[in-house]
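Participant: Protein chains in written order, with our numbering: chain U, 36 to 135; chain A, 27 to 821.
Careful, some of the hints might be misleading.
[To be verified] Below, simulated DSS-like cross-link-like pairs (lysine-lysine); rule was C-alpha separation at most 27 Å, straight line: (1) U/K88 x A/K226; (2) U/K71 x A/K226; (3) A/K157 x A/K494.
In short, the hints are calculated from the structure, not lab data.
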Amino acid sequence: MPISGVVIASLPSETNDVLRFLATLSQVEVHGADEKGNIVAVLETESSDEMEKIIDRISRDQNVLHVGLTYLNAEDEAERIIQGEEPARPFGFRKPSGTT
Amino acid sequence: MTQTRRDFIKKAAALSAASYVSMNLPIDKINLARADEGVVWHRGSCRLCGVGCRVELGVKDGVPMGLRGVAESRTNFGYVCMKGTYFWKCMRHPDRLTKPLYRAKKSDAFKEISWDKALDIAADQFARAHKAGGGDAVAYYGSGQSLTEETYLFQKIMRGGLQSNNVEGNPRLCMASAAAGYLSSFGADEPIGGYADFEKAHCFFIIGSNTAEAHPVLFRRIMRRKLDNPNTVKVINIDPRISQTSRIADMHLQFMPGTDLALLNAMANVIMEEKLYDAEFVKNYATFRKGEAEQTTLEDFKAQVAKYTPEMAAKVCGGTFKADDIRTIARWFAKSKGTVSLWTMGLNQRKRGVWANNLVHNLHIITGQLVKDGADSLSLTGQPNACGGVREGGGLCHILPGHRPVENEKLRRQVEAAWGVPEGRIPAAPGLHTMAMFSAINEGKIKAIWINCTSPAQSLPNCTLYNKGMDRDDVFIVCTDIFPTLTTQKANLVLPASFHFEKTGVYGCTERRSQLTRKAIDSPGEARAEVWIVREWARRLAEKMNDPVIAQCIKPFEGLTEGYELPKAIWDEYTQKLTAGRDNDLRGATYAVLEKMADGVQWPAPTEEFALTGGTVKKFVKGRDPMATTESRNDLPYQFYGAAHPDRTLWIWLREQADPEEMPDAEYPFYLSTGRIIDHWHTMSMTGRIPELLRANPYAYVEVNPKDADRLGIKPGDMVEIKSRRGVNLLPAKVYAGPVEGMVFVYWHDQHPDRMINKVTKDGIDPGSKEPEFKICAVQVKRASDPKPLEPYIV
Chain U
36 MPISGVVIAS LPSETNDVLR FLATLSQVEV HGADEKGNIV AVLETESSDE MEKIIDRISR
96 DQNVLHVGLT YLNAEDEAER IIQGEEPARP FGFRKPSGTT
Chain A
27 MTQTRRDFIK KAAALSAASY VSMNLPIDKI NLARADEGVV WHRGSCRLCG VGCRVELGVK
87 DGVPMGLRGV AESRTNFGYV CMKGTYFWKC MRHPDRLTKP LYRAKKSDAF KEISWDKALD
147 IAADQFARAH KAGGGDAVAY YGSGQSLTEE TYLFQKIMRG GLQSNNVEGN PRLCMASAAA
207 GYLSSFGADE PIGGYADFEK AHCFFIIGSN TAEAHPVLFR RIMRRKLDNP NTVKVINIDP
267 RISQTSRIAD MHLQFMPGTD LALLNAMANV IMEEKLYDAE FVKNYATFRK GEAEQTTLED
327 FKAQVAKYTP EMAAKVCGGT FKADDIRTIA RWFAKSKGTV SLWTMGLNQR KRGVWANNLV
387 HNLHIITGQL VKDGADSLSL TGQPNACGGV REGGGLCHIL PGHRPVENEK LRRQVEAAWG
447 VPEGRIPAAP GLHTMAMFSA INEGKIKAIW INCTSPAQSL PNCTLYNKGM DRDDVFIVCT
507 DIFPTLTTQK ANLVLPASFH FEKTGVYGCT ERRSQLTRKA IDSPGEARAE VWIVREWARR
567 LAEKMNDPVI AQCIKPFEGL TEGYELPKAI WDEYTQKLTA GRDNDLRGAT YAVLEKMADG
627 VQWPAPTEEF ALTGGTVKKF VKGRDPMATT ESRNDLPYQF YGAAHPDRTL WIWLREQADP
687 EEMPDAEYPF YLSTGRIIDH WHTMSMTGRI PELLRANPYA YVEVNPKDAD RLGIKPGDMV
747 EIKSRRGVNL LPAKVYAGPV EGMVFVYWHD QHPDRMINKV TKDGIDPGSK EPEFKICAVQ
807 VKRASDPKPL EPYIV
């Protein structure tokens, strides 16, 4: 369950709209906003895949100019790797052609 | 993870983000310490573009588990992008190459072999090729992702050991035109200023660059500057395609591909006509050139650009904007308190890429928008070490370490003396540039090539043609890489390499900044650092060829451990012996200094004392650049000491509009351009293996302008055939008003044979830089079918 810290840059005139939008997202915890349009938030998701999707969703809001990541902790996944679990793979491992 | 620990981490994440925008949160900082329990953060540079973001890799129990930005770093101020945030997932990926693989014939199956055997085979094959054809029969093809120590050692063995200047790298494909542009306009490679100018700029001129997706962390700085100063900072975006970058632009001019030389000349015309140029700056520091470098006059320049009236240029550019728009942007550019230009492949990957670079530099020189804070002509680089390792460290066929042209005998002698090899050991003629090198492979003239950390089977233009050569059984190919690629499938010998943070070395980014990354974790399996691989290979080469000079090349590095001592010794030799007195003087940027600095050192940095200040922020300025003082010839504040201009002036070039090599015609009526998407990088061998990034964009698609789509009966998602005189792709369509009407656009990352766009692109090259014209060719566009389900593909 990764956790990230982000600075979301919004159009200053539309920051309140962006805050209302973020309030609808359960994975987003807003910690503050300033007059320049910066919104400090923490994202907490079930998986890295969901983290990617939520950042993409925020980025696509018309009043959001940039989602700046500053921190990512995915130690749950790391612990699973220590325990022998392989990270998710979207396709089968293919060795170079003809590999034995 | 307990709930309490999650709380600590969440609060640490909030504090981290808040600190970057000076926001005070009511959170006790003790949470930071508690969140870090059991975690060791290792400082280094990001691996996935040329910005040079400083990051810290979190390691818990020997396993990487997270990443954070370094707030004190002047490259990224703590921010990272999504690609960068996830690159650590490559480190423990199950697809990693972990054992040497070998096959005698390319139709054979690979077999795992020992390192001893692998290195013997590599030495045998290179010795055999050398015996058959001398230095001309062997080659090294490297990467802007290799550490400087790696590129330097490879080229040392090739030049000093095997007497071959067939040393090239993938930066030839992306930034050779920028290097040639800097050399021909400013007399010295690499930018005068850097990112520090962004926060002082009043005008951004972004041309041929989708900064928002290719360099998102820099885009944030530009965006912040604009948002904080909406009325006084202008952003100009010039591109045939509307992109994410255009969102912050005050004006976006969309032009037909290949017509921007006319546009740039028209801007110069407005500046001269309206007397917006800085006559004093031009008089003191510039001369005018035409042809090969024949000196000419201000009057000639005025007369030449006078032909490019805004009306004429607007028409040449396709009539998609008004003549007055050119006047407006020329005025913004010239009158601003500081203008920064930014570009990438849109200018470089062109038949006249050097000229395009020259014409941007022209605008800066005539307006004096240089050498002062907030003004610079800044080529953005795509790879983390194209500047540091390849351009500075001798990684191209025509340059030796320390920006030394191969053909200069005196400079060759300096290198031979530094290496302790006999005079004349380094051949006097440059080797083969990239396209010539792979043509020579097609012809069987090169018998053995070492391909390091790059995948030319996918990244070369018109790649089907050059894959034929790589398939030849009489061409022995060694690949060093971390993952299987389309190129490792062409190899006889695949050697597993250590990844970033699994080895130690320096990256030099866009803005002349060198930064050290120290080994933080062990490599998986039997993967080894390239510097170890090269040393061991060279020792065997020396034995097999009975050549003590090859042994001499590695003598200073014998017995050193690969994790730290070996790369440090290589860096010391390069910087202390071969950058001394050169414009990229890095003598002060020792490992000891680099380890102390949050964000490395910008050259020139001749002494440790100066390097500890961060180095030279502005080149050529007395009082800021130590070499501007030591090289000073007069009382003027700026000293353009670049070795390529003996007259020590900036050169303003008379360059005409020039068409691309291939223009649309009745048979192939559309322009094709190619580029990047935010989630992926290059040939996708890394980002394609990170599920979060792959799922965001699992395969390439073709962007089609809605008017063209309507005319061709193409609906969103339909399968579309893109065909050129060289090859064909079958891609799903994205219909939107991004590309200008008459042009389609495709991302170049996809490895699938149906969607690998470099089968379609053209291999014409710029005659000056030898960089291919990836950005423009002519294609047919045809609807093939309704939408079809597609699978991501990676070898």
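Participant: Could you grab the alpha-carbon distance between A/K157 and A/K494 and see if it respects the 27 Å cut-off?
Facilitator: With a Cα-Cα distance of about 24 Å, the restraint between A/K157 and A/K494 holds, given a limit of 27 Å.
Participant: Between U/K71 and A/K226, is the straight-line Cα distance small enough, at 27 Å or below?
Facilitator: holds (18 Å)
Participant: Can you confirm whether the C-alpha distance between U/K88 and A/K226 stays at or below 27 Å?
Facilitator: violated (35 Å)
Of the numbered hints given earlier, the model fails hint 1 alone.
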